[in-house]
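A.B. asks: Listed in order, the protein sequences are those of chains A and B.
Position 212 of the first sequence, counting from 1, maps to 212 under the UniProt record's numbering, and the rest follow consecutively.
Position 316 of the second sequence, counting from 1, maps to 316 under the UniProt record's numbering, and the rest follow consecutively.
In case anyone wonders, no lab produced these hints; they're calculated from the structure.
Please read all numbers here as calculations on a predicted model, not as lab measurements.
Fair warning: there could be bad hints in the mix.
[To be verified] Mimicking DSS-like on lysine-lysine, the simulated pairs with C-alpha atoms at most 27 Å apart in a straight line are: (1) A:Lys214 - A:Lys246; (2) B:Lys505 - A:Lys99; (3) B:Lys395 - B:Lys505; (4) B:Lys395 - A:Lys92; (5) A:Lys246 - A:Lys105; (6) B:Lys505 - A:Lys92; (7) B:Lys505 - A:Lys105; (8) B:Lys129 - B:Lys115; (9) A:Lys92 - A:Lys105; (10) A:Lys55 - B:Lys505; (11) A:Lys31 - A:Lys246; (12) A:Lys99 - B:Lys395; (13) A:Lys31 - A:Lys55; (14) A:Lys246 - A:Lys99.
Residue-level listing of the chains:
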Amino acid sequence: MSTSKIVRPYGDTTGDGMVQVSFTLPVPHDKRAEGAAIQLANRMGIDPALLVHAKQMGDGFTFFMVYGRVNHLVDLSAVQVVERDFPLLSAKEVNAVVKRRLRRKLSVVGACIGTDAHTVGIDAILNVKGIAGEKGLEYYRELSVANLGAQVSVPELVEAARVARADAVLVSQVVTQRDAHLHNTREMSAAFREAMPAGRRPLLIVGGPRFDEKQAAELGVDRIFGRGTTPGEVASYLVHALITNKKAKA
Amino acid sequence: MSEGSGRAGGAGPAVGGVPGKLDLDPALVARARELARRAGRPVVELACSHTTVSVERAVLRLAGVTGADPDGIPWVNRLVDAVVADVGLGHGVAVPVFEALAREQLTDVTLLAQKAAAGSVRFEQPTGKAATVARRAARRAVAAGVRRIDRRRVERDRLVRRYGDPKQRPWIYLIVATGDIYEDIPQAQAAARAGADVIAVIRSTGQSLLDYVPEGATREGFAGTYATQENFRLMRAALDESSRELGRYVRLTNYASGLCMPEMATLAGLERLDMMLNDSMYGILFRDINPIRTFVDQRFSRQVHARAGIVINTGEDNYLTTADAVDEAHTVTVSQLLNEYFAHEAGLADWQLGLGHAFEINPDVPESFRLELAHALLARELFPEAPLKWMPPTKHMTGDVFRGNLLDGFFNLVGTMTGQGILLVGMMTEAVVTPWLSDRDIALQNVRYVLGAAGGLHEDFVPAPGGFIQQRAHRVLGEAVELLERIGDQSLLTAIAEGTFGIMKRPADRGKGLDGVARHESDYYNPATEILERPSA
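Required output: the full structure, derived from the provided sequences and hints.
C.D. replies: Here it is, written out as structure tokens:
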């Protein structure tokens with residue numbers, strides 16, 4: 001490997017630029033289809049493109065595998081990534097940190113508030129079933145989870161959080177008609193501010209596909225999670241915000 | 001035992017595995033079954049003395065209530081809610097409904113539901129002559145519904161005779177799930193053409209927690225398609241077309257799980273579905289549904305499946321996605337034994353028991369393949385007449401599709417070497433995307449290669465006496481018996497409450513759907529149960 005900031009894909013020789021791709025085109029398999037696959041590969045920057053496999057599937061589809069040299073360069077110094085500001089932990093690690101540092105169960109209360117009946121999001125994060133192969137927070141031994149379900153009123157949520165001595169409250173909002181998700185979130189955060197002093201207030205987290213993750217402060221919550229968030233990310237954040245980072249600051 | 005009613009080749013895949021490869025101790029196997037019976041018995045008693053809103057709604061569906069109000073809430077829900085508001089749930093809704101039907105001089109129960117929803121009908125629990133008359137009318141209406149299920153079963157038998165069962169075993173089971181029934185249909189037909197014997201339409205995320213069954217053809221779901229009667233009908237009709245085209249009866253699967261198990265089972269019977277996911281504990285453990293609700297709903301739904309000739313698929317594979325597949329292998333065996341007990345009690349025959357298990361051992365564990373063989377063979381030998389449902393790796397699919405494809409190949413190999421009845425096709429893109437057309441094609445190619453290259457290997461595969469595989473199987477069975485002994489001392493509900501299965505603690509007085517459960521009053525009447533428990537009466 002050179003120290004250059006410019007790299008190319010590696011097949012078997014430095015700088016050869018070789019890649020493999022596979023894809024399906026909605027055409028039956030014939031010479032023309034193979035030409036179409038090469039054309040696509042060329043446009044993707046693969047030139048020369050070596051069509052190594054083509055197979056018809058059903059009536060009107062063909063699957064292709066292409067190897068070839070890609071003419072693009074990658075400038076490592078120009079790579080931009082949005083860094084997660086907390087480390088991603090496994091369930092085992094989350095449990096270990098809670099057990100060792102908090103020395104009690106970390107209490108989480110979740111709900112869909114307002115008229116929103118879409119529990120898909122909160123269930124994906126909380127139910128053991130989870131999402132995308134990851135188990136939900138109920139699965140974590142050291143978390144104590146209460147999922148209040150759908151159409152929970154804000155006062156009910158505050159009361160449930162008080163009873164459960166919640167360390168964190170998770171609210172899911174899918175419906176966005178007339179910005180209901182924003183109104184509901186503001187109402188919720190205001191109610192918690194009113195009901196509990198700053199030091200005793202649980203961590204407030206909202207999630208949903210239409211939130212802007214940068215809006216947390218404006219909505220009065222501690223964190224917003226957008227589309228595609230997994231339970232593991234939420235659990236890692238809880239540990240970060242309530243235990244590891246808290247202690248560092250203290 | 002089997003009442004397979006003269007099915008050529010059996011409705012479940014025939015079992016060809018030579019028994020006795022593991023040299024299991026018959027006394028220990030008998031003890032395991034006896035312990036499962038002891039653990040399950042109190043639960044059955046509980047199920048026999050309670051009803052649920054979903055059981056009652058299923059009764060009304062059999063009695064002919066159809067459709068939904070303009071908000072999409074089914075009339076069965078509106079009617080049950082109205083009856084419960086007036087007389088409670090504990091008498092069963094059949095008698096109050098049919099008493100009101102006579103009093104209002106109506107013949108259509110759906111019309112009665114509409115009136116009840118508008119608040120223009122009051123319900124009461126009649127006594128004496130009026131009660132007898134209402135019972136008789138309810139029984140007549142429900143019997144007509146059960147006869148419709150019977151006719152669909154006869155129809156299936158006829159189509160299976162005409163088009164035939166798959167030539168190979170295991171049957172190849174493939175999932176489609178676009179969210180849109182009209183997209184699902186061409187995908188399912190393409191899958192059948194490519195070799196799938198069983199099509200499962202996976203449900204929209206969260207449907208299991210809806211306390212009603214949505215209505216009509218649906219075009220949007222989250223990571224799956226809503227299970228509705230109309231979607232069932234559309235897909236079954238499409239697969240009948242495929243069966244005709246392919247000269248092989250293509251089966252259809254959906255899910256009797258969640259809060260509406262009894263209704264799903266009823267609709268599946270009415271629309272001639274062929275298999276249904278139906279686990280005794282899945283809803284409790286993975287969806288936090290109240291244990292009593294689940295066991296009551298489960299028993300009724302299985303009675304309907306038994307009548308409809310539907311093969312159930314149980315969900316033991318799920319335990320292994322939360323717990324370690326080596327350390328907790330015996331919990332799968334225990335659950336299979338419990339599922340078998342509950343299924344037999346509800347009237348299901350062995351050929352209807354697609355007991356589940358899965359290839360979920362971490363591939364980095366030394367000898368993981370031999371361990372998988374031992375576990376799969378243990379299930380095969382414990383349940384020789386059951387068409388076991390063999391589930392592919394999910395937990396250790398990392399996104400590396402090349403490694404995933406190899407793992408799926410080994411999964412397929414275990415499936416054929418141990419004579420599994422139903423093989424759910426593993427996708428190399430598990431945990432990456434919902435399967436693409438090409439993923440499915442590659443996955444089926446994998447299955448075809450393995451079954452083609454090694455389809456008869458089970459004949460030669462005889463584990464060495466006292467060797468690794470036999471020892472492992474004995475150990476798992478031993479641990480299963482120990483666990484059943486521990487459960488026996490406390491009861492299954494306590495075991496579930498204390499987190500014995502899949503580590504979730506689920507107390508009997510908690511969980512979703514508890515408010516839809518009622519203890520039977522002394523005059524409880526359910527014509528469906530009466531008919532299903534005495535088929536000849």
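A.B. asks: Each hint should be assessed against the structure and marked as holding or not.
C.D. replies: Hints, one by one, checked against the model:
For the proposed pair A:Lys214 and A:Lys246, the alpha carbon gap of about 21 Å is at most 27 Å, so the pair holds. At most 27 Å may separate the alpha-carbon atoms for a hinted pair to count; B:Lys505 and A:Lys99 meet this at roughly 19 Å. Among the hinted pairs, B:Lys395 with B:Lys505 is consistent with the structure: their alpha-carbon atoms are about 22 Å apart, no more than 27 Å. For the given pair, B:Lys395 sits about 15 Å from A:Lys92 by alpha-carbon distance, which is consistent with the 27 Å threshold.
At most 27 Å may separate the alpha-carbon atoms for a hinted pair to count; A:Lys246 and A:Lys105 meet this at roughly 17 Å. For the hint linking B:Lys505 to A:Lys92, the alpha-carbon distance of about 18 Å falls within 27 Å, and the restraint holds. Among the hinted pairs, B:Lys505 with A:Lys105 is consistent with the structure: their alpha-carbon atoms are about 15 Å apart, no more than 27 Å. Using a Cα cut-off of 27 Å, the hinted pair B:Lys129 and B:Lys115 holds, with the two alpha carbons roughly 25 Å apart.
Of the pairs offered as hints, the one joining A:Lys92 and A:Lys105 holds, with about 14 Å between alpha carbons and a cut-off of 27 Å not exceeded. Our distance criterion of 27 Å between C-alpha atoms is broken by A:Lys55 and B:Lys505, whose separation comes to about 50 Å. Note on A:Lys31 and A:Lys246: the hinted pairing is violated, with a Cα-Cα distance of about 64 Å set against a maximum of 27 Å. Pair hint A:Lys99 plus B:Lys395 holds up; C-alpha atoms about 25 Å apart against a cutoff of 27 Å.
Note on A:Lys31 and A:Lys55: the hinted pairing holds, with a Cα-Cα distance of about 12 Å set against a maximum of 27 Å. Taken as a hint, the A:Lys246 and A:Lys99 pair is honoured in the structure, with Cα atoms around 16 Å apart against an allowance of 27 Å.
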